[in-house]
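Listed here are the chains, written in short residue letters.
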Amino acid sequence: MIVGKGKPVEEVVAMVEGYDRILVVGCNSCVAVCMAGGEKEVAVLASALRLAFRAKGREVQVEEAMTERQCEWEFVETVREKVERAQAVVSIACGVGPQTMARKFLDKPIYPGINTSFMGQPEEIGVWSEQCGGCGDCVLDEYGAVCPIARCAKRMLNGPCGGSQDGKCEVGNDTDCGWQLIYDRLKALGQLDRLERNVGPKDWSTDRDKGPRKIVREDVRV
Amino acid sequence: MNGKLVAFCCERSGMVAWQEAQANGGLPAELEVVAVPCAGRIGMVHLLKAFEGGAAGVMVFACIKDSCDSLRGNLHAEKRCESTRAILRSVGMEPERLEFCSIAPPMGAEFSEVVRTMMEKVSSEEREG
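So the sequence lines, in the order shown, correspond to chains S and C.
Once you know that position 5 of the first sequence is 5 in the working numbering, the rest is easy, because the numbers rise by one and skip nothing.
Once you know that position 95 of the second sequence is 95 in the working numbering, the rest is easy, because the numbers rise by one and skip nothing.
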């Protein structure tokens with residue numbers, strides 16, 4: 001899922017300081033699961049905004065709305081009425097949501113309420129870890145389904161660097177060494193021989209390095 | 001004191017303590033009690049809504065550590081109080097207006113004391129403010 005974390009309330013208050021009618025819109029997909037942009041978080045942020053403005057002596061109208069997936073035109077359309085009533089919108093979907101809203105509602109200022117961080121996985125309650133770098137040319141088959149792009153700080157493709165100590169990465173934060181994970185996994189699978197070949201430089205043209213990407217599937221276009 | 005006090009009470013601990021405190025008398029008329037099946041049911045939004053609804057102070061009475069019938073409801077409630085206090089601070093309100101209290105069913109006197117302390121705190125902040 002796409003993982004994000006709510007921006008500090010003060011930051012959101014500063015974004016919408018000058019408006020009298022604000023709409024907070026969440027998304028029922030990834031950010032709801034990672035507890036950053038679901039219905040509860042919409043209600044909390046909306047309530048916090050009302051209290052913040054009241055403390056400043058202003059009664060600001062803050063409405064709440066949810067979209068099933070804020071990255072799709074059809075679902076964004078479902079909140080049109082509330083968007084039109086508002087002077088400004090705070091979206092707490094991932095970074096795709098506010099941009100979809102902005103492209104749909106051309107005359108409406110849209111502000112982000114969360115910091116979108118990565119594509120990851122819930123490790124346990126309250127802990128998420130990055131798992132995929134979206135490089136556009138998946139190499140998981142070669143590394144026992146442990147991604148060296150997302151899980152190695154240096155994106156090493158031919159083994160660990162000298163900063164791997166006791167299974168941990170030198171960047172700290174209790175980060176596992178991605179290459180320790182790759183080694184352990186391939187060993188368990190009996191596929192350590194995969195590590196004996198040298199991997200050439202990766203073609204990064206499918207990654208962000210070639211600019212914003214687009215996928216066109218002619219087979220599904222009519 | 002302007003506004004009411006709201007006490008969210010776990011049915012298994014806070015509510016029983018409130019009943020005892022009530023029987024002993026001395027609780028302020030401004031106190032509104034909200035019973036919940038477990039303190040873990042109380043979300044940040046309920047606490048913030050209480051302030052939005054005019055509460056001058058909000059208290060959460062949950063079971064004491066290791067005594068929650070739902071295992072960790074009291075721990076969740078305490079964490080949510082901490083997070084809500086952070087929000088209160090960031091919106092320009094005094095975080096002390098929200099209090100978390102671990103309480104056992106027969107602790108009616110402690111219940112009254114927490115309410116009395118909150119009332120004093122809120123009143124003194126209003127005098128200073």
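Since the hints were made in silico from the structure, they are not lab data.
Keep in mind that a hint or two might mislead.
Only pairs whose alpha carbons sit at most 25 Å apart, straight line, appear in this in silico DMTMM-like list of lysine to aspartate or glutamate [as the list claims (entries may be wrong)]:
hint, chain 1, residue 1, chain 2, residue 2
1, C, 49, S, 11
2, C, 79, S, 17
3, S, 56, C, 82
4, C, 79, S, 11
5, S, 56, S, 72
6, S, 40, C, 113
7, C, 49, S, 193
8, S, 154, C, 99
9, C, 65, S, 17
10, C, 4, C, 113
11, S, 56, C, 113
Inset, instruction - Measure nothing beyond the straight line between the CA atoms of residue 65 of chain C and residue 17 of chain S; if it is 25 Å or shorter, mark the hint as holding. - result: With Cα atoms ~42 Å apart, residue 65 of chain C and residue 17 of chain S exceed 25 Å; violated.
Inset, instruction - Decide if the proposed pair is consistent with the structure: residue 4 of chain C and residue 113 of chain C, CA atoms, cutoff 25 Å inclusive. - result: holds (17 Å)
Legend entry - Agreement of residue 154 of chain S and residue 99 of chain C with the hint, judged by alpha carbon distance not exceeding 25 Å: violated (46 Å)
Inset, instruction - Sort out whether residue 11 of chain S lies within 25 Å of residue 49 of chain C, counting only the CA atoms. - result: holds (21 Å)
Legend entry - residue 79 of chain C paired with residue 11 of chain S [C-alpha distance capped at 25 Å]: Holds, at about 22 Å.
Inset, instruction - Would you check the hint for residue 56 of chain S and residue 113 of chain C, treating anything up to 25 Å between C-alpha atoms as holding? - result: violated (32 Å)
Inset, instruction - Quickly compare the C-alpha distance for residue 40 of chain S and residue 113 of chain C to 25 Å and report which way the hint goes. - result: violated (32 Å)
Inset, instruction - Take the C-alpha atoms of residue 56 of chain S and residue 72 of chain S, compute the straight-line distance between them, and say whether it is at most 25 Å. - result: violated (36 Å)
Legend entry - Straight-line alpha-carbon gap residue 79 of chain C to residue 17 of chain S, limit 25 Å: Answer violated: residue 79 of chain C to residue 17 of chain S is near 29 Å, above 25 Å.
Legend entry - Restraint check for residue 49 of chain C with residue 193 of chain S, where alpha carbons must lie at most 25 Å apart: Violated. Residue 49 of chain C to residue 193 of chain S sits at ~60 Å, over the 25 Å cutoff.
Inset, instruction - Given the hint that residue 56 of chain S pairs with residue 82 of chain C, test it: the Cα-Cα distance must not exceed 25 Å. - result: holds (23 Å)
Against the hints set out earlier in the document, violations occur for numbers 2, 5, 6, 7, 8, 9 and 11.
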